[in-house]
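Input sequences plus hints: build the corresponding full structure.
This is what each chain is made of:
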Amino acid sequence: MPGRGTMVLMQLALLVALFVAWFVLVKINILPIFFFGDPVLVLQQVFDWIISGEVFVHLATTLIETILGFLIGIFFGVAAGMWLGLSPIAAALLDPYIKALNAMPRVVLGPIFVVWFGLGIASKVALGVTLVFFVVFFNVFQGVREVSPVILANARMLGANRSQLLRTVYIPSAMSWVFSSLHMSVGMAFVGAVVGEYLGSSRGIGYLILQAESTFDVNAVFAGILVLTVFALLLDLTVTLAERRLIVGRPN
Amino acid sequence: MIAPLGKPDDAAKAGTSKAPALAFDQVTVRFGSYTAVSNASITVGDGEFVSIVGPTGCGKSTLLNVAAGLLEPTEGEISVYGKELDGINRQAGYLFQADALMPWRTALNNVITGLQYRNVPVREAEELGRKWLARVGLNGHHERFPHQLSGGMRKRVALAQTLIMDPKIILMDEPFSALDVQTRVLMENELLALWMADKKSVLFITHDLEEAISLSDRVIILSAGPGTHPIAEFVIDLPRPRDVSEVRMTPRFVELHHQIWEAMREEVLKAYERNQQKLAS
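Chains A and B supply the protein sequences, listed in that same order.
Just so we're aligned, residue 1 is where the first sequence starts under the numbering used here, counting upward by one.
Just so we're aligned, residue 253 is where the second sequence starts under the numbering used here, counting upward by one.
Hints were generated in silico from the structure; no laboratory data involved.
Given the structure is predicted, the values throughout are model-derived calculations rather than measurements.
Careful, some of the hints might be misleading.
Derived Cβ-Cβ restraints for the label pairs, each shown as a range [stated by the list, open to error]:
1) B:E379 x A:G5: 43 to 51 angstroms
2) A:G5 x B:E442: 31 to 39 angstroms
3) B:G299 x A:N161: 47 to 55 angstroms
4) B:E379 x A:T240: 34 to 42 angstroms
Under 8 angstroms between C-beta atoms, here's a sample of chain B residues computed to sit facing chain A [as the list claims (entries may be wrong)]:
5) A320
6) A350
7) M354
8) W513
9) A523
10) Y524
Which chain A residues stay away from chain B? Per the calculated CB distances, all over 10 angstroms, these [what the hints assert, rightly or not]:
11) V26
12) A79
13) I112
14) V115
15) M157
16) M175
Backbone N, C-alpha and C define an ideal beta-carbon position, used for all residues, glycine too.
Written out as structure tokens, the structure is:
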């Protein structure tokens, strides 16, 4: 196994090689340029966006949608998960509905949200919320139900009343499950934002790609995808950093 | 302590001495059709160290949960300093067999959990917490999380967490069974020192007869389950203060061990046979 530095260099070399392969295959007409674009023009497009500052408006929009979808989804997911986790009757009553909602591919709600909330940010956030909600909900539900009975008994012996139990045992225990699904939740919020933008919007990276697609500007489509990917990577990196600070008291 | 009227027996006791810290009166516990404990009457005097020994799976923990108020007896009652127990036993601290520390709290924050429940100001609670961590030999580990501590250290934190509340009664459920022998002897000696310092009443559960004899004033033997109940009890007249590893070498210890083991043997065999039958069927 080569060292870490060497590995990063090799990974970068692989990236360059892929671009070169793309470039060559398009140039010698094995890949039709109409469908696959020209990597040089794609990069050119990305730089143009950055220099003109145009891309930042869209990035900011997508970022805000993602963050809002994420936070609101977490809030409702935690609240619902706690409630159903602590109330077996409600959980039993709602069980089939939750299963149905979870089985449903929730992106199909996108058009309805556009009708309900319009073409602005709200419909994208709503889509993100529905996607994040279930990830968080199931984790919290599980987390609450699997709170160690010994820790609970111990807290009660130390004199915890009901609300103290909730604050010092149930919520921290549930939150540790939320943190363990942070990557997935942020990813879902991001998918919600971008898919929402595809379905109809006036801003955002999804909109940028949609625009390019409607004018058959395949280079801009690829440029949009490139920006989206880099953005997603940065988002994931942020989550990893946040995780290191938030997940305490757990091995690994 | 004023005993309720119409109970001359209690009144007489209250008149002569303090009511016992814990008194099980004909306690029966059933889980569905399974009778875990039947007709158990046990008392723990004020400041007394009592151990309960019995074969594995005989419902020792059930008795402790009843004393803690975590479990209501199906029949019979339990009184704490003469008062019938209703709900959680507020006079008692409980040291569990399994890890009961909150994994998301540091050692210090675990120790002061109970004080926080009592709304003690943070600074005061932390100061007391540091003192207790020092007392159980964990100076410099305040900010560690449970998973960063060894099993023995976690037990110490749990001990500090329980004792910081200054309970009059301490319930202990095989607290040291998961520790290696050396750590265990250390912890047992520390426990005795802490207990000698301010005589708490202790109900200590173990399956280890040597541990029971070396720590206790009195050892109670339980029958094999189901329907566990006390079958014999022995006063341990070994002088105090004791060193748990040295006291095991004394002739009196050996003699007591022999006597108690004779009384226990039959029950242990019964439990063993029952397990064998279970395995066979």
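Going through the earlier hints one by one, which of them does the structure break, listed in rising order? 2, 3, 8, 9, 10, 15 and 16
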